[in-house]
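K.L.:
One letter stands for each residue in the lines below.
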Amino acid sequence: MSIDIKELQDLIAREKNAEEEVRKAKEQAQAILKQAREKAEAALGAIESDPTWEKVKQAGNDEIARKKAEIQENHNRNSSSLEKVAQQNLEKAIARLFEETLRGKL
Amino acid sequence: MSLQALQSEIERKAQQEAASILETARVEAEKILAEANAKAANLRDERTKAIRREIDAKEKAELAIARMDRKGDLLQVKSGWTKRVFEEVEKRVTKMAENGGREYDELLANLILEGVTKMNGSKFIVETNPRDKEAISHLLGTITERASKAKNDKITLHLETLPTRTLGGAVVSTEDRLQYFNNTLEARLAAASQKLEGTIRQILFEPGDANE
Chain A
1 MSIDIKELQD LIAREKNAEE EVRKAKEQAQ AILKQAREKA EAALGAIESD
51 PTWEKVKQAG NDEIARKKAE IQENHNRNSS SLEKVAQQNL EKAIARLFEE
101 TLRGKL
Chain B
107 MSLQALQSEI ERKAQQEAAS ILETARVEAE KILAEANAKA ANLRDERTKA
157 IRREIDAKEK AELAIARMDR KGDLLQVKSG WTKRVFEEVE KRVTKMAENG
207 GREYDELLAN LILEGVTKMN GSKFIVETNP RDKEAISHLL GTITERASKA
257 KNDKITLHLE TLPTRTLGGA VVSTEDRLQY FNNTLEARLA AASQKLEGTI
307 RQILFEPGDA NE
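Note that the protein sequences, when read in sequence, are chains A and B. Residue 68 in our numbering is what sits at position 68 of the first sequence, and the numbering runs on without skipping anything. Each number in our numbering comes from the position in the second sequence (counting from 1) with 106 added on.
You can trust all of the hints, since none of them are fake.
Taking lysine-lysine pairs in the PhoX-like style, the calculated list, with each CA pair at most 20 Å apart, reads:
1) B/K255 with B/K224
2) A/K92 with B/K184
3) A/K34 with B/K137
4) A/K84 with B/K177
5) B/K145 with A/K34
6) A/K68 with B/K166
Quick caveat, the hints were computed from the structure, so don't treat them as lab data.
Make the full structure from the sequences, and use the hints.
P.N.:
Have a look at this one:
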């Protein structure tokens, strides 16, 4: 096969183009990987700053507050009914203790 | 191979290599993202569980304290009512002693007799406040007679004034003062209160007990 200078130059040029194409592909590949790593970092980094956690905590605190209010309401009901019963039974209790205090044990 | 074929081969190989590089990068990128997403899901799950545990622990502690506090409040309410009973009985006993009368004289006699029968001996000192001493002085004969009968012995009672203030009642001592029986109204009220504290609470706080 005989090649003249012009053809050889053309071949070299094509070879360079081919190398350039591969180089660009490598650059593009690096960019793709870089972007993927950035996305991955962002996905992991977003966990800490996710406002969901604060919302979950707030919901938990609200639930605790609701249950505490429920306990207080129950207490108020119990206390009120206790006072009512005690008021009704007061005289009987006084009479029992009065009797015991004055009871002679001969 | 012709030159044209060689040129085509160079281009084909370059395209093939470039495509392979890009494909490898895409696959690697997908793998990185998939791993990151899996790790993120895992971290979220752990974080969620940690927050849940934190909230549960907080809830458990705070509700336990709240229940305990309310329980303490109820105990205070109960304690307040019980105290009210003791105070009211003390008022009524005081009033009864101050008013005197036959019923109180009989009580005084019984309190002295109880003291006498609880101790050995036949000679006793009976100490009361000045008001009760006055009342008893009229009944001393009857009380002595009843005491003698109760102990089947000849009993002697000597009346004295208590050096300390008392609502009423009597302190009975043996002649040598080695034994004594404190039957003052304060002592009786204290003893009855101690003995009946549980019963009083039961009477006070038992629902539907008022009309029994």
